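Numbering (this note's numbering), first residue to last: 38 to 248.
Calculated directly from the structure, the hints in this document are not laboratory data. On a predicted model such as this, the values are computed, not experimentally measured, just so you know. One should not assume that every hint holds.
Simulated restraints, written as ranges between beta carbons of each label pair [to be verified]: (1) E190 <-> S105: 15 to 21 angstroms; (2) I144 <-> R175: 15 to 21 angstroms; (3) I164 <-> N139: 34 to 40 angstroms.
In the BS3-like style, the derived pairs of lysine-lysine whose C-alpha atoms are separated by at most 27 angstroms in a straight line are [claimed, not checked]: (4) K110 <-> K176; (5) K103 <-> K84; (6) K165 <-> K176; (7) K84 <-> K165; (8) K199 <-> K103; (9) K168 <-> K199; (10) K97 <-> K199; (11) K110 <-> K165; (12) K97 <-> K172; (13) K110 <-> K97; (14) K176 <-> K199; (15) K199 <-> K172; (16) K84 <-> K199; (17) K84 <-> K97.
Using N, Cα and C, we set each Cβ at its ideal position, and we do this for glycine too.
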Amino acid sequence: MVDNQQQQQQQQDSHLQTIIHQCHQITDRGYQIINLIGTGSYAYVYKARQIRTNRSVAIKFINFNKCSNHYRKNFLRYEVHIIRILNDRPHINIVNFIEAFNINQPIDGYVIVMEYIENGTLRDRIIKNGKQTEKIARKLFRAICNGLFHMHENQIAHRDLKLDNILLGTDDRPKICDFSLSIIWTNHDQSKLCEDYCGTELYYPPEIGRK
38 MVDNQQQQQQ
48 QQDSHLQTII
58 HQCHQITDRG
68 YQIINLIGTG
78 SYAYVYKARQ
88 IRTNRSVAIK
98 FINFNKCSNH
108 YRKNFLRYEV
118 HIIRILNDRP
128 HINIVNFIEA
138 FNINQPIDGY
148 VIVMEYIENG
158 TLRDRIIKNG
168 KQTEKIARKL
178 FRAICNGLFH
188 MHENQIAHRD
198 LKLDNILLGT
208 DDRPKICDFS
218 LSIIWTNHDQ
228 SKLCEDYCGT
238 ELYYPPEIGR
248 K
């Protein structure tokens with residue numbers, strides 16, 4: 038039963054990838070899909086080429102058939118707003134945003150185009166090379182904190198910071214990505230920041246894990 042479900046899911050994913058490769062609304066924007074580089078519960082990330090500049094980009098496709106209306110009306114709206122704020126105030130340790138747009142043919146969804154980071158995630162690095170030296174770990178941690186501090190200065194809470202959401206770019210420079218659970222907060226609602234159950238369970242802060 039489980040094998041059949043997995044097989045059906047793989048067939049659906051393969052069919053969706055074919056659709057995305059043929060999507061005219063993406064090609065009309067000047068992008069050529071190259072290959073799939075990551076998947077989530079409702080999103081797919083592709084490496085693509087921006088034809089006009091011949092540079093590599095990352096395209097995140099959010100499948101509206103797989104995500105709830107609540108996510109579309111709340112979290113997706115926040116994510117797009119937040120990446121636009123961060124794009125107006127760039128930081129070397131945060132991934133750069135290029136553009137975002139809806140698609141409705143042949144499938145309903147939303148596309149977010151970002152810079153392509155060539156060296157994968159910090160999780161990929163640790164799986165491949167094992168634990169990092171203390172010197173490298175300090176360098177990475179300091180840079181990640183710099184990016185996070187920049188977000189906090191702009192009143193943005195990431196809320197899902199983990200190894201999978203740290204990309205490694207040129208010279209192994211870490212860049213924070215994936216703002217799908219991020220929010221904008223103000224001084225008057227600081228007391229509510231830790232009341233929501235969001236993020237990845239193994240990375241929960243103690244005040245959430247105890248509840």
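Check: Among the hints numbered above, which are violated by the structure, and what are their numbers in rising order?
Finding: 1, 2, 4, 11, 12
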